[in-house]
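Dock chain to chain to rebuild the complex, using the hints, since each chain is given by itself in its own frame.
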Amino acid sequence: MATNNGLVYLIALPLFGALTLLLLGRKADKWGHLLATAMSAGSFAFGLVQLSQMLDREAELRPVTQKLFTWISVGSFNVDAALLLDQLSICFVLLITGVGTLIHIYSISYMSHDEDRRRFFAYLNLFIASMLLLVLGDSYLNLYVGWEGVGLASYLLIGFWNKKPAYATASKKAFVMNRIGDMGLSFAIMIAFASLGTVSFSGVKEHAHHASEATMTAIGIMLLIAAVGKSAQFPLQAWLGDAMAGPTPVSALIHAATMVTAGVYLIVRSNFVFDAAPNAQLLVVIVGAITLLFGAIIGMAKDDIKKALAASTMSQIGYMILASGLGPAGYAYAIMHLLTHGFFKAGMFLGAGSVMHGMNDEVDMRKYGGLRKFMPITFVTFGLGYLAIIGVPPFAGFYSKDMIIETALNAGGAKGIILGTITLIGAAITAFYMTRVMIMTFTSPKRWDDNQHPHESPALMWIPMAILAIGSVISGYLLYQGKAFKHWLEPLFEKHGEHTELLPPIVVSGLALTMVAIGVAIAVIKYQLSEVDSVAPEKVSIFTRIARRDLLQDDVNEALFMRPGQALTSALVKVDDSVVDGAVRGVGKMALGSGSALRKTQTGFVRSYAVLILIGAASLIAAIWVVTT
Amino acid sequence: MSLDNYLYLSAILFTIGAVGVVVRRNAIVVFMCIELMLNAANLSLVTFARINGTLDGQVIAFFTMVVAACEVVVGLAIIVTIYRSRRSASIDDASLLKR
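Sequence lines, in order, name chains E and C.
Numbering follows our numbering, in which position 307 of the first sequence is assigned residue number 1404; successive positions increment by one, without gaps.
Numbering follows our numbering, in which position 60 of the second sequence is assigned residue number 804; successive positions increment by one, without gaps.
Next comes chain C alone, as it looks inside the complex (with noise of 0.2 Å):
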């Protein structure tokens, strides 16, 4: 099997992470895509290492996981907070920003 379909999939799943952050609209739903999107490149960062016969990737790919896990933590904790506030979750009502 050729090392190009993991690179395929990985441009799928970053696809549909994007479209999924774009057009969906409760927060959990917008953070997953993201987390979706990481994983992509993920994917494609342990792919290009496999093709290059190098750890550079690899290794890249478990910071990429660090910092991963840190954003949940702190996004979802904003996300928690901003429920308890507003009574919802929908990332549209928090808007008063251009205010």
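Next comes chain E alone, as it looks inside the complex (with noise of 0.2 Å):
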């Protein structure tokens, strides 16, 4: 494989933007945002440049890496800190860094009345970089090391209104949601380390035919629970509700667009490991099912802006995750849609964000309303946002999601009914609580009291809405057209057969529609023809309240992990006070007691002294005497 020595440059610059910023401190204060944004610019030109140069090369000669530095090596075991940039980690560097740089733009004025935006837009760049390190590792061990400057970066990210208690407890949240995941890799990377003696994903896949199936299931499931934790799928998914305590521009990024599709990332860069575990895969595939369907039912029942839009992050996830358990035949178009995804719901985060700055921050979409006529730039972006999301061709999500359905579909005998009946079911839910959100914001009647004085957001917030915008009206077309995007990952894949196909693609595209506009109906005669109530009505269903719980969630963890957790915790606090503090005591009490006996020795006359050293010095003899003779 060809070496390129200037990969690392890629994440060189946004990691520089970071330390400067951290270490200058408030000396920055002027200066920081601007230099964090072009930071992310520069490397987003540099990915450019990659593009081009790996354009220009023939399909198997396209990868290229370099190696940093020899990490560990213990013997036989060797591990470079090296980075791969090939086909798959070139969409992830230009949509972390692409997206990436828009939100820096729109941060500059989201952020401009926070004095602590040099702080920001330093977590914003550490973000940068460590996401970039993910994508860019060559092994499972770099790739850790990225993840973990994620996750890190997620938590700082959401408490940064750390002064308020619940935003805080968000970002622990997350954290600890996350580090089960985490604990994931760290198994699937021990495995892999134990069974097969490597790490690097090229030794693993080679490896991988000739190791048994059940080392593949072993590494395949922990490579899932690592996946579950970071892209919030079931059972791992409460935390990306709470996470929108975090500013808007870092759900937009972080929470929608790049970090929690690092699990998908996971399971596409890992093919070979479930292409040879077909049980691991199996799991993949009701995961995604699983949350496609869960995270749409909790998207219907928000009704706050940003937690509708996180549900329905978390949906899509569950699409793309689907997608990739689908085995080669889903891969790219898990990928596809995560590309298009990262617009579209970028887009619409933003334009949240747009809303909220313009509504004093209020983020009740039952307090809205009628915003049309105030904010028509948000309203044209978001609209594209919408109509991509919900797959109305032929903008960006119809192509990629119909691709994911009709993959599921032909995924070969019930299976395939199944999967491809939850995806459309996922569909028509999806084009519900969109066009809920839509009508409740925008089109009906208003909601807000005279306080309010809502405002389209200044050029430096917009420009990067509408660019994003665009991107999702013509990115799905242009990934789709003449299947590009397929044949540019192909290489990295196995060669898969044709499927037989159950319906025609047309008629799939049809069945799709047709449920989206039933989706699309319904909400309308429900929010746009009636009345929407500017308070969540009390009387309603016990599904409606369950769902707006977020379907229990939190309540099962409690009941499962947490109280147990704490029973166990408190026990141990009870031994620890017990029989280890008991311990520790006792032997002080025993030193005590024995010294105050000996106390009394102590009479100070020094007659007794004298009788004493007498008592011994004769004893002293006598015994030496008996010894002797």
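These are calculated hints, taken from the structure and not from any lab test.
From the three backbone atoms N, C-alpha and C, an ideal C-beta is built for every residue, glycine too.
It is possible that some hints are incorrect.
Said to hold, decoys possible - Example chain E residues on the side facing chain C (calculated, C-beta under 7 Å, incomplete): (1) 1702; (2) 1707; (3) 1708.
So, in structure tokens, the structure goes:
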């Protein structure tokens, strides 16, 4: 494989920005945001150069590597800190730096009144650097460093306004739940090292064919746990809703476009593991299918615009995970949906931020309404993202989601029919809740009081939104055109035979569009044509109430893990108190008791000491006498 | 006359001294009893030197005398100081160490 000694600059630029801003502190307050944005943009430009060079080469010669240094060298086990840029990583590099740069620009204006803006940009740059390391690492160990880095950046940014205890708790929750996933990744690395003796992607790929299926299944399941934690999939999804405590640009960048999709990257990157472990692959599909519906159902009940979008993110990532569990047929579509989703979801989150900006940080959609007139640009950009996510042709989401539905249907047998049905139902629900968001925010009659003065956001904010909106219009078509994207990624995956088609593609598209139309129609009837309450109605069915409580995910976690965990720790505290501390205190008490007993011999009378000395000397002599004779 | 008799005398003198230290309260008397014990030891050292026909014991006896002389100086000084401050030469009165 060719080497390219420039790859490190992709990561070095934002890392330099982050370190500069963090180390200089307040001195960098005036220009920190500009430096951070420039670093991110520089990284993006560099990524574009890499892409153009890559396009010039033959498909087999496209991946390039760079060895930074020998990281671990123990006997025959060697791990280099090395970077790998191939057809898959370049997609991510451009998504991360491209969307990242737009969000940097947006944040300059969005965070302009925050006195800690420099720290915010430092964390953003730290995130970009970590995420790039995650997608550029050439072994699981290198990936792990980036994986932890983005977890840290996410934690810092969710809790950015940590003066509010609820926000600090949300960041802690995200961190703890992510740790569970991280454990999975570290176990996967350990299993790979113990049974295959290598942790690099190429090494594991070589061994994948002749290793036992049980080993590959174990690695696969551990990788899935990692993906589930990072990508907020069932059953580790509860943190994503609370992660919306972070500033909106963070939700757009980290919790919609990039970091939460790292799980999809991990699974697609480890395609050789899952291809060799059908059971683990099946589990991936199941997790994806459950989350797809789970997120969509939560999305229907949320009144908080950011939480509705977060539930939608969860659901869309469910689509991606499902597609990546369908084997070589689905990998390319998982990544394609990931890219288009990066555009339209980031765009919609920025739109939500723009709405909040104009509405005094109000997030309750029941207190919105009629904002189309006041925020025309936000309405249009958000609307384009909306058309993309529900999958209206020719917007981006149509191509990517349609391909996933089609691949799911063609998975064969009952599996195909079940998965196809789930994805179709998911499409209908997506259409419903996104239409609901759209209507409640922009087109229904106004429900805000007169203190609100909604206004359009400044150009620095709407230009990134407009660019993302353009992306959500055309990206799908560009990637789909002539199956360009599928062919682009093909060299990385195993060849797969053409599946028998259950239904012709045109029928599938028709079905999907029908489902979307049903979803939209129900939402229009329910919210546009009838009155929307400005306070969430209390008298609702038990199902709505459960959905509002995030389908009881927190209650389940609390009952299954938190309470027993609390009982366990309090039992351990008792053991610690009585046994461990008891032993320590016992030793002390013993010394104290014997001391106070012996103290009585110290009378202070010289003569008693003299007697004791005399007795001692006499018994010493007697002892010597007894021993020697 | 057998040289053993010197050792008996030494033992008797040492016992008298030891009993005196334990029994008497007056610091001066106790002090004199200690001197008695030291000299009993000296006597036995000299006797052993005579029995063995070497000078080692006699040399050590001189050392003992030097140390005893020093001890007398320091000890008397302490007794006089205690008497001045407490108006008593009884060693049982000087039992403040336990508090």
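Of all the hints numbered above, which does this structure not satisfy? Sort the numbers upward. none
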